[in-house]
Structures are given as C-alpha cells and as structure tokens.
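Please assemble the complex out of the two chains, which come individually in their own frames, going by the hints.
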Amino acid sequence: QKEVEQNSGPLSVPEGAIASLNCTYSDRGSQSFFWYRQYSGKSPELIMFIYSNGDKEDGRFTAQLNKASQYVSLLIRDSQPSDSATYLCAVNWRGTYKYIFGTGTRLKVLA
Amino acid sequence: NAGVTQTPKFQVLKTGQSMTLQCAQDMNHNSMYWYRQDPGMGLRLIYYSASEGTTDKGEVPNGYNVSRLNKREFSLRLESAAPSQTSVYFCASSEGTGLGSPLHFGNGTRLTVT
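Protein chains in written order, with my numbering: chain G, 1 to 111; chain P, 112 to 225.
Check each hint, because a few of them may be wrong.
With a cut-off of at most 27 Å between alpha-carbon atoms, the simulated DSSO-like pairs for lysine-lysine come out as follows [claimed, not checked]: (1) K98(G) <-> K67(G); (2) K42(G) <-> K182(P); (3) K108(G) <-> K56(G); (4) K98(G) <-> K125(P); (5) K108(G) <-> K42(G); (6) K125(P) <-> K42(G); (7) K168(P) <-> K125(P); (8) K168(P) <-> K182(P); (9) K67(G) <-> K56(G); (10) K56(G) <-> K42(G); (11) K98(G) <-> K42(G); (12) K182(P) <-> K98(G); (13) K98(G) <-> K168(P); (14) K182(P) <-> K125(P); (15) K98(G) <-> K56(G); (16) K120(P) <-> K42(G); (17) K182(P) <-> K120(P); (18) K120(P) <-> K98(G).
Since the hints were made in silico from the structure, they are not lab data.
Okay, chain P solo, but in the shape it has when bound (with noise of 0.2 Å):
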C-alpha cells in the first residue's frame, strides 16, 4: 500500500520552462491536494479537486494548472517556471467527507527554478 506517490522528487529548471508534477494516491479518497511549502511560511494551498471531475483554486493558484485525470491521479503544472516557484511540493489527498478528514500526504518534490 503505497499511500500517496509523487514523482519526481527533485527537478530543476530554468525561468521559462515548463514541466508536470504527477500525484497519485491508493486509498480510494475523493480529494486531493496540492500545496507548496516555503521556509516560514507553512503549507500553502496551490490547487484542490474536492472530487473526481472537479478543480478550485487554492490560495496560491497563480502560475499553476492542475487536472484530476481520474479519482486516483491529480498533476500540477507549472507552464512557464518563475524563481518565486522555487519550493516543495507536496501531494495530499483525503476522504473528503464530513467534518474534514486527514490528509495524508505524498513524499514531496523539490523544485528549483534558476
């Protein structure tokens, strides 16, 4: 039971490029979840899906695109790479029920733009 997965760990990039981060998680949860973690500013929330066929912005949503490819797969896409999107990434997921459940979170990628 692998929880959820995030590939790649590690990537750097030049200003201008673009790339996808893969998430994909096995334990049958509706949401999920993507936020970035910068150093004394916490877990900001990028984008989330609160279920399959659905995606809303978060609180840091500019320069990002997301797509729920089905229940288990949520990718985040940086379309053209910028210095300030130098952070780690981190994956979640949840139940998506009731009074908000836990989320679990993926391994994380570290992400330098140069």
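Bound-form chain G, shown alone (with noise of 0.2 Å):
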C-alpha cells in the first residue's frame, strides 16, 4: 500500500482557471506536509510547506491540510501555461529523516 497516494493526471486546466491537486497519505504520525514542482528533466522544487491544518497562502498557491482526513491540497490560482509540471506531495513522519514522496500529479495548463 502506497503511503502517499497523488492521481498521476494529466490534470488539464486552461489558462486563468484554478487547478486543484490533492495528495492523501496513511500514516497518522506524518507532521509536515509539502509540494513540489518539477519540470520535466529538472530537479523538485519547493512550492509549500505546511505544518497545522488549515491554509496557507503564498502567492497564487494555496495549501490545505486536513489532518482527521488525512489529506493535503494545493491550489493553483490564475493557471498559467508556464505552472505545466509535475507536482509531487511529500510527507515527513515525525520531523525524522523520512520523507515519503508520492509519484506525482502532471498538471497541464492550456493556453
């Protein structure tokens, strides 16, 4: 059983509209919660980082975390065709050096 789930997409949206990705993950002791972005043959990059539930905003991204429901999303605001990547969630148990990654989501926003 994956321990952190993402649908693989691709996730199309056309341009100015939201783009929603959502990330569920199994183990009740994961604490911190993160996205990441990666271009096709280019290294992950962090997006958002979230700790409590609730959101957090930076910029046209929004994260969400429900932590009862064991779920974490991302929001994207006012797509561009520039955002098209692969987004990957990741989950730390316990501030230890495990970090779970899921295989990804591919977003592709359509001009």
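Dropping the structure here:
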C-alpha cells in the first residue's frame, strides 16, 4: 500500500482557471507536508510547506491540510502555461529523516 | 548562493565500473540525503546523513555507499555499477531540526549503466 497517493493525471485546466491537486497519506504520524514542482528533466523545487490544519497561502498558491481526513491539497489560482509541470506531494514522519513522496500529478495548463 | 550542487550532470557507465557522485551544499544545513528517481516509482531514499559524522541507510541502499566528508559535502559511491542503477540521482539537504524542515534538491545526475 502506497503511503502517499496522488492521481497521476494529466490534469488539464485552461489558462486563468484554478488547478486543484490532491494528495492522501496513510501514516497518522506524519507532521509536515510539502509540495514540490518538477519540470521535465529538472529537479524538484519547493513550492509550499504546511504543518497545521487549515489553509496556507503564498501568492497564487494555497496549501490545505486536513489531518483528520489525511489529505493535503494544493490550489493554483490564475493558472499559467508556465505552471505546467509535475507536482510532487511529500510528507515527513515525526520530524525524522523519513520523507515519503508521491509519484506526482502532471498538470497541463492550456493557453 | 548556489544551494545544493551536484556533479556530474550526466554519466554513462559500463556494468561493473565504479563512480562517485559528489554533492555540496552552502546553506549550512545539518542533514543531507541521496535519492533516486525512477519512472512510476517516485523518489526513493538511498542513504541519508542526519548530521556531520553520521550516515544511515534509507529505503534502497544496496549497491551504494556514502561518505559525509564534512558538513557541506556528501558523496554517493557505486562500487560495481549494474543496469538496475540506471536512474536520476538527486542530492538534497535540510536544516534537520524540529518538525521536518523542507528538502532542497540539487540539479540531479542522470546515470546510465549499460
């Protein structure tokens, strides 16, 4: 059983729309949650991190965490073609070395 | 401020050859990691170093060794490369304190073993 699950996509949204990316995790001991963006052939780039239940906003990005339901989501407002990439969800278990990554959701923003 | 620097960017090896992947960070981070990324399997931890002087196995350590040379540098060695080690390798670092601080990745090494 995968510990971090993401829909592989592709998720296609028109330019200017809101893209909603979801991630579920299985380990209730997870405390920290991260979203990374990875362009094809490039390394993962940190977009957002969230530690507490609720919403965290940074520019066009909002991370949402619901520990009771064990899911974390990323909203991208006013999506741009440059947002087209694979988005990786990662969780950290209790502040240890253990970071578990999902396999990513591929987002396509259509101009 | 370079962040996390990996060398080389590309490498082709023949089965049985050895090589060392180099990684250095200039963010004064305590913890460093080596991951491999394969299609459909996500990022998997090979080895990590929680702090200078310590190293530990991750999820897929077989066929690899590591050295934490100092606080800045963490190298990954393949002693006898196998085709199954064809992958993209990423070094990462984190502050290593508290709730699980974010990982910062290097640009990666694309390794092909023939």
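Holds or violated: K120(P) and K98(G), Cα atoms, limit 27 Å. At roughly 26 Å apart (the allowed maximum being 27 Å), K98(G) and K120(P) satisfy the hint.
Check whether the Cα positions of K98(G) and K125(P) lie no farther apart than 27 Å. violated (32 Å)
Quick one, are K168(P) and K125(P) close enough, alpha carbons at most 27 Å? Status holds; Cα separation ~25 Å.
Taking 27 Å as the top limit, are the C-alpha atoms of K182(P) and K98(G) close enough? holds (20 Å)
Given the hint that K120(P) pairs with K42(G), test it: the Cα-Cα distance must not exceed 27 Å. Cα-Cα ~11 Å, so holds.
Next pair to validate is K98(G) with K168(P); report whether the Cα-Cα distance is within 27 Å. holds (11 Å)
For K108(G) and K42(G), compute the direct alpha-carbon distance and say whether it is at most 27 Å. Status holds; Cα separation ~17 Å.
Pairwise hint evaluation, K56(G) against K67(G), where the allowed Cα distance is 27 Å at most: Distance of about 14 Å is within 27 Å: holds.
Under the criterion that the straight-line Cα-Cα distance not exceed 27 Å, is the pair K98(G), K67(G) satisfied? OK: K98(G) and K67(G) at ~18 Å, within 27 Å.
Pair hint outcome, K182(P) versus K125(P) [Cα-Cα no greater than 27 Å]: Violated, because 32 Å separates the two Cα atoms, which is more than 27 Å.
Taking only the CA atoms, is the gap from K56(G) to K42(G) under or equal to 27 Å? Holds: K56(G) and K42(G) sit about 26 Å apart, inside 27 Å.
Need the status of pair K98(G), K42(G): alpha-carbon distance at most 27 Å? With Cα atoms ~23 Å apart, K98(G) and K42(G) stay inside 27 Å; holds.
When the structure is compared with the earlier hints, violations turn up for hints 4, 14 and for no others.
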